[in-house]
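Dock chain L against the given chain B, drawing on the hints supplied.
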Amino acid sequence: MTAVLPDLASYDVDAVRADFPILGREVFGRPLVYLDNASSSQKPRQVLDAERSFVEQHYSNVHRGVHTLSQEATDAYESARSTVAAFLGARREEVVFTKNATEAYNLVAHSFGNAPVGSPFHLGPGDEVCVTEMEHHSNLVPWQMLCERTGATLRWLPLTDDGRLDLTDLDTLVNERTRILAFVHISNILGTANPVDVLVARAREVGAFTLLDGAQSAPHQDVDVTALGVDFFALTGHKMLAPSGIGVLWGRKELLDAMPPFMGGGSMIEVVQMSGSTYAPAPERFEAGTPVISQAVALAAACDYLSAVGLDRIAAHERALTAQLLDGISSLSGVRVIGPDTIEMRGAAVSFAIDDVHPHDVGQSLDELGIAVRVGHHCAFPVCRRYGVAATTRASSYLYNTTAEIDVLLEGIATVQRFWRR
Amino acid sequence: MSNESLYQEIILDHYRNPHHAGLRDPYDIEVHHVNPTCGDEVTLRVQVAGGVVQDVSYDGVGCSISQASTSVMTDLVIGRGVEQAMQTSEAFLALMQSRGQLEPDEDVLEDGIAFAGVSRYPARVKCALLGWMAWKDATAQAVAVSEQGAS
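Top to bottom, those sequences are chains B and L.
Mapping of the first sequence onto my numbering: position 411 corresponds to residue 411, and the numbering continues sequentially without gaps.
Mapping of the second sequence onto my numbering: position 65 corresponds to residue 65, and the numbering continues sequentially without gaps.
Pulled out of the complex, with its shape left as it was, chain B reads as follows (with noise of 0.2 Å):
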């Protein structure tokens, strides 16, 4: 079979771009050269433009009130939910609004925990959740805690010193005692992407639940969840040009519709009565309160946005400016890559460390060369001391940077260098 490659030449990035316009501003009388996107990216217009209208012309509360724009407002809100399914390959009841991927991940740690003995949810001692060593904090602390709150014992997957999973030992870490595998789709530090069906295929082995993080691959590429043979998969919102305050969880049908609460409140009750409630099925039973209206139909038209330009022509896109920035980084000598230095099976982030300069010295240098770019741990501490760094500077690119500024991101390393040197 051959392969269809997006046509890269037709990319129109200055297109792209025109819809950014904060890519317009200036940083210290330099053109800004965002590469923070790892951490956050951009907004475009259509999805500022989107929101704004949702809020001047149709808003109200959601699933409360009879009068029109309690309806518009509900039709809009739900209608964004099968947005963001058929964004991942999803069944609209399958996809949770949380605050963001971080919630997400509490959300099924939590609910695993409150499961009582003889759920397919709980956990006790001797049970075992495993991880893996390059997890961001937010699919780390959860699971420790939860191991902390039910004495099940945490186990990870360890690296290896390119910057790749160690499955060496796979079949000994995920065993028949484990009953969460919980891992990084991409790493937001390393910029490693995992082999999710190894993963997943030694997990059915065992018989453990699946949870992916998908904060650095949604944004990224095309994700279809169903494909990835995952139970669960989380995102968050304003890593693909949507606002802050939405992510979400996708989990099997089954299994949510199964799971206990994580929190309670309004909305997710079927009956309420003194004594005690029964729980709306999924995705209400997850959604207490209030949800976060006009940040959904802003996801919705990020995820529209992203699939409008196509989300393999944006990952072709980004794999050159890696490439480019890779070989780049190669050919400078006292800078070396933390993770893999190579294209294959990686993502867009790409960690640094420049050799007795440090990384907040680097950041610092480069901000005021209009360059921004993320210092510091990236919420995975112990990557960092895999690695034997205190920090690292991370360069992360996204579907509206250009080439010309990588080449800015180069020339910048060098500049720090000098000026660190001298």
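In case anyone wonders, no lab produced these hints; they're calculated from the structure.
Honestly, I wouldn't trust all of these hints.
Across the chosen pairs, the derived CB separations fall in these ranges [said to hold, decoys possible]:
id, chain 1, residue 1, chain 2, residue 2, range
1, B, Asp-169, L, Leu-102, 49 to 59 Å
2, L, Arg-16, B, Thr-415, 13 to 23 Å
3, L, Gly-22, B, Asp-327, 39 to 49 Å
4, L, Glu-103, B, Val-27, 25 to 35 Å
5, L, His-20, B, Val-55, 52 to 62 Å
6, L, Gln-141, B, Ser-244, 37 to 47 Å
7, B, Thr-168, L, Gln-141, 42 to 52 Å
8, B, Arg-421, L, Glu-110, 21 to 31 Å
Computed from a prediction, not measured in an experiment: that's the story for all the values here.
We put the beta carbon where it would ideally sit given N, CA and C, even for glycine.
For chain L alone, coordinates are given in the frame of chain B:
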């Protein structure tokens, strides 16, 4: 590079040649402080006797601002009375919280005045305070221990 307002020559000098660096004996108290937002850390020892800061020694990883600030701090507190050193520490803290609105007193802060520009970069203020906060913590503990011993 035009980082002049932030990266003063004094700061770069202290960064490249830090004063009183390394961990030394004897000491009364050792503390370990971290900056959770960036992972920078410092291990710092203090020796106090007769109400005077006899020695401050330290080891750590951090950016130019945190390393230089710790170096400057040791110059400003070693050999001084605890009370006077604490006042200097308060003056430096006030400068860091001033958002560039305070004119630093060179008689009090000496090389510390070079950090005035840092106060305009809120993300870096914690870097500049890392060593100072560790010193303050360790010294307060050392004083408490010596008071317990005296009573």
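Hint-by-hint comparison with the structure:
1. Asp-169(B) with Leu-102(L): 49 to 59 Å: Given range 49 to 59 Å: holds, Cβ gap about 57 Å.
2. Arg-16(L) with Thr-415(B): 13 to 23 Å: Taking Cβ atoms as reference, Arg-16(L) and Thr-415(B) lie about 19 Å apart, which means the hint holds.
3. Gly-22(L) with Asp-327(B): 39 to 49 Å: 41 Å, holds
4. Glu-103(L) with Val-27(B): 25 to 35 Å: 28 Å, holds
5. His-20(L) with Val-55(B): 52 to 62 Å: Holds, at about 58 Å.
6. Gln-141(L) with Ser-244(B): 37 to 47 Å: 41 Å, holds
7. Thr-168(B) with Gln-141(L): 42 to 52 Å: With a Cβ separation near 46 Å, Thr-168(B) and Gln-141(L) satisfy 42 to 52 Å, so the hint holds.
8. Arg-421(B) with Glu-110(L): 21 to 31 Å: 27 Å, holds
No hint from the list above goes unmet by this structure.
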